[in-house]
Amino acid sequence: MLSSLPAATYQQWIGDESELARIHRHLSEGGGAPLFVTGIGGLGKTSFLREALVTWLEASPYKPDHLLWTTVVQPLVTLDSRLAAPRRRHTFDQLLADLGAQLGLQVNALPSNERKLQMLARALRGTSSIVVIDNVETPDEATMALSIVDALSSVAQVLVTTRYQILHSTGASIPVRELSEKHAHQLLRLEAARLQLGEVPEEVFANFYRLLGGHPHALKLAVAQLAHLPPDAALRGFQTHAASSQSLFHYIYETAWSLLSPAAQDVLLGLWVLPPQGAGWEDLRLAFQAGGGMMSDEELLSHVAELAALNLIQTTADHPITYSLHRLTYNYLSYKMGLREAATGDEADEQV
1 MLSSLPAATY QQWIGDESEL ARIHRHLSEG GGAPLFVTGI GGLGKTSFLR EALVTWLEAS
61 PYKPDHLLWT TVVQPLVTLD SRLAAPRRRH TFDQLLADLG AQLGLQVNAL PSNERKLQML
121 ARALRGTSSI VVIDNVETPD EATMALSIVD ALSSVAQVLV TTRYQILHST GASIPVRELS
181 EKHAHQLLRL EAARLQLGEV PEEVFANFYR LLGGHPHALK LAVAQLAHLP PDAALRGFQT
241 HAASSQSLFH YIYETAWSLL SPAAQDVLLG LWVLPPQGAG WEDLRLAFQA GGGMMSDEEL
301 LSHVAELAAL NLIQTTADHP ITYSLHRLTY NYLSYKMGLR EAATGDEADE QV
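So in our numbering, the last spot in the sequence shown is 352, and the numbers never skip.
Honestly, the hints are just simulated from the structure, not real lab data.
Hints should not be assumed to be uniformly reliable.
With beta-carbon atoms standing in for the labels, derived distance ranges [as the list claims (entries may be wrong)]:
(1) 277 <-> 106: 18 to 26 angstroms
(2) 183 <-> 4: 22 to 30 angstroms
(3) 297 <-> 60: 37 to 45 angstroms
Ideal Cβ placement from N, Cα and C applies to all residues, glycine included.
Please model the complete structure; the sequences and the hints are all you need to start from.
Here it is, written out as structure tokens:
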């Protein structure tokens with residue numbers, strides 16, 4: 001059952017356990033009302049819902065017949081919109097095809113999405129099932145999600161993670177917020193230990209929280225840079241660029257980029273084509289080669305370790321290891337690739 005869930009990209013979930021308990025109660029009550037997990041990007045909605053399902057399944061005598069999980073694939077939205085590069089999102093019929101495939105159904109053979117939803121509902125009727133729609137971000141996607149909710153909530157427990165606020169007459173919402181100072185310090189200590197940074201004074205963690213807030217991804221990127229930078233230098237940079245979250249994230253990524261070797265920079269750019277759900281080693285190597293990169297497995301592994309040490313690539317704790325990129329990392333890579341394209345174009349113009 002747990003194999004139906006996306007691989008965990010965290011070694012230990014950190015957050016308010018009372019929020020997990022809210023999902024546990026919702027699932028245990030079995031009323032079937034849809035549940036919407038909401039919050040801005042990068043707060044860990046997917047990890048939160050995954051952890052809630054794992055802990056509930058481990059503790060509950062109830063085991064659903066089916067646990068379906070489908071993700072709306074995100075496009076690349078760059079830090080500079082002029083350099084935006086498209087990454088196709090799942091269309092409505094692709095989401096339905098994904099759900100159907102998990103039930104062994106070929107729903108694409110049907111002529112309309114309405115018929116596909118009816119087939120899915122028939123397959124789930126009489127079963128105990130959970131359906132997750134992950135990563136809803138836009139009003140159009142909210143409309144897609146609501147169509148699935150309305151068609152399946154009578155035959156399954158439907159859960160949705162969404163950045164876009166969805167209003168539903170019978171649904172409930174659980175917001176995911178930034179980490180508290182206590183939990184932010186816990187995350188920073190955990191990351192410092194994992195990265196073998198030695199003893200980091202609590203005062204440094206307090207200043208990280210003051211400047212970065214409780215955004216988990218920002219904190220993980222920032223603390224990893226202490227392997228290369230003195231705390232005072234890192235904090236000065238954050239302070240200088242703290243005017244907006246976009247400016248701060250851009251600075252954090254630019255600093256991480258500057259700390260990479262040129263070969264590791266090339267590897268990271270090559271992994272731009274890594275699928276959002278992640279990949280094992282063989283598929284990672286193929287993704288890197290598809291991006292035009294060539295090096296031995298030993299060299300590639302060394303540079304992937306360099307990326308992981310700066311939290312620029314996510315790895316699962318369990319084997320076989322799954323490698324993935326955070327969506328904000330995709331965004332940054334799109335920005336860097338746009339700069340390279342522009343530079344290449346300028347060079348070509350000069351040669352003409």
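Here's how the hints hold up against the structure:
no., hint, in the structure
1, 277 <-> 106: 18 to 26 angstroms, "holds, 22 angstroms"
2, 183 <-> 4: 22 to 30 angstroms, "holds, 28 angstroms"
3, 297 <-> 60: 37 to 45 angstroms, "holds, 42 angstroms"
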